[in-house]
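Those protein sequence lines, which keep their order, are chains A and B. For the first sequence, this note's numbering begins at 226 and goes up steadily by one. For the second sequence, this note's numbering begins at 6 and goes up steadily by one.
In short, the hints are calculated from the structure, not lab data. These figures come from a predicted structure and were not determined experimentally. Some hints here could point you the wrong way.
As the list claims (entries may be wrong) - Taking lysine-lysine and the DSSO-like style, the derived pairs with C-alpha atoms no more than 30 Å apart in a straight line are:
1. Lys125/B to Lys95/B
2. Lys230/A to Lys319/A
3. Lys125/B to Lys319/A
4. Lys357/B to Lys413/A
5. Lys95/B to Lys128/B
6. Lys413/A to Lys125/B
7. Lys95/B to Lys413/A
8. Lys413/A to Lys321/A
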Amino acid sequence: MNPSKTTRWLILGVVGVVFAFPIFAMIEFTFRDGLSGGHTLDHWTGLFTEDAARTYRNLFTGIGNSLLLAVVTVGIVLVVLLPTMILVHLQFPKLKRVLEFVCIIPITVPAIVLVVGLAPVYSVVVQVAGGSIWTLAFAYGITVLPYAYRAIQANLDAVDVVTLSEAGRTLSANWGRVLWHVLLPNLKRGVLAASFISVAVVLGEFTIASLLNRVNLQTALLQVGQSDPYVAIIFALLALLFAFVLLLSIGRLGRTRRTGSES
Amino acid sequence: MTLTAPTRTMTAEPGSGATVELRGVIKNYGAMQALSGIDLTMEPGEFIALLGPSGCGKTTALRALSGLETIDSGSILIDGVDVASTPTNKRDIGMVFQSYSLFPHMTVIENVEFGLRMRKVAKAARRDRATEALEMVGLGAHGARFAHQLSGGQQQRVALARALVTRPRVLLLDEPLSALDAKVRVQLREEIRRITRDLGITTVFVTHDQEEALAVADRVAVMRAGRIEQIGTPRELYATPVNPFVADFVGLTSRIPGEVVDGEVVVHGVRLPLLGEPQPDGPVIALIRPEDVALATADAEGAIAASVVASSFLGSLRRTEFLLADGSVIAVQHDVNDAPEVGDAAFLRLRKAPVAASPRP
């Protein structure tokens, strides 16, 4: 039996308040005028002053690093995980359980434990690929696996990719064309969801970056927060807003009617 | 929408039908042999049905022909060229699947154009040919729709148009009607037959529905356990099955105990010619067609006493099942105006038609 409309709205309202309350508190905090009890726009306008770039240089570096890491992590998901999942689904279905197990493992391993394992690996990574920030994406590629896997697998299960790919092949398409013209358009939702969730996870990641002494958005926010908590909260809010927009986009994709494509 | 929409014939290419040969094709799945040395030759333009129960290897044979399954040994020849190691996309085949296989992100016309697009046919030409193919299946006005906006029958028609638009040498149909309701099945199978005949395309049709196979195919190959038990015209299969399996699978039969005596089968005192290989004298199970049994009167020669256990109205005729004295049940097809009630006593007469028989354990 479905809950009544009132019950649904009540549940939605309670959950909404639970989530909205700290966000409103954060917003209110960013307008506080110190301990005076008044409110001011100074903390927001201060971000657009001439010396803001210098004052918050570390923060902007962190944002840039996090965005770069998000892009590289999504790249890892698209280049490594997605083809692997499609291959397993189409050619090696017996390996589905194994792949699922491997992809779910990172969610069971605390970040601190992961870092302990990654530290010696990264000493080698630094020797091979240098100490650039983007190398952190190898670790993030592991941490986003459970989320990206679930998003793509749900889409794979919802579409009869085996028959579609076979139909494509009987219509003279080679594997590359089947992937590009048939499978990816039908997996678009899962791929985008996996990408957006990966971006959200990367933007919120702190432990690994901090313990491996790298600067990303979260480590920079912590640093800025120690000197200017208002700015730290403003950027945390903006990051939240960005993640919220990403999640809304996923929901919107789910409702989007199928449309045609032209070559 | 009605499925009897006006249709027109797509332009047939000269020599569009190909000779197809399967020679000693073997396919194993681990320890299980799905195809145990299949030999089959199809003439250009021939419509062959692969018929058999689930797991007999008919779909595997079709998929081997398409290249979607590799074979372990043997050869597959299309117009004399061995394509066993040729990838599916280079075999020049068209295929319609059991499940609806239209690409959901494309419109109907884009679906039909897909094969031409993969073959790099110019946009204007492929639009013309796709439109022509859609008109051929009676869906010319549905080009802008998406698959989810079509009924199952319409989707399979689009799939047929998509498979044929590239003018393939061989058309493969993997139980394309099994997901459709009875009326649409009959309409669509007739339409498939008409189109393939018009185009002269060699067609392989996989089905487990013997009525469907007998209705549309030039020849039917009855399969069991990875082998072809018999191949022949529908009439040959029905009238002269080579063994009890074929007799039992093709058409309706009643299994009645009898005895082989001097090369004939004696059933309830009536001597009937034996089909297939001669058998030694001894007890057998005779497979008797409903049309080879008739209602009779008590004083008729060879009358067999029976009682009615079930009776079904089939439209133009009635099928009634009778319990015989030996406990076996025999089906009879008779005039609808004779409407026996369950429990009624009756007399039956066996016509002297040849019957298949298998040794009785």
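Checklist entry - In ascending order, which of the hints set out earlier in this document are inconsistent with the structure? => result 2, 3 and 4
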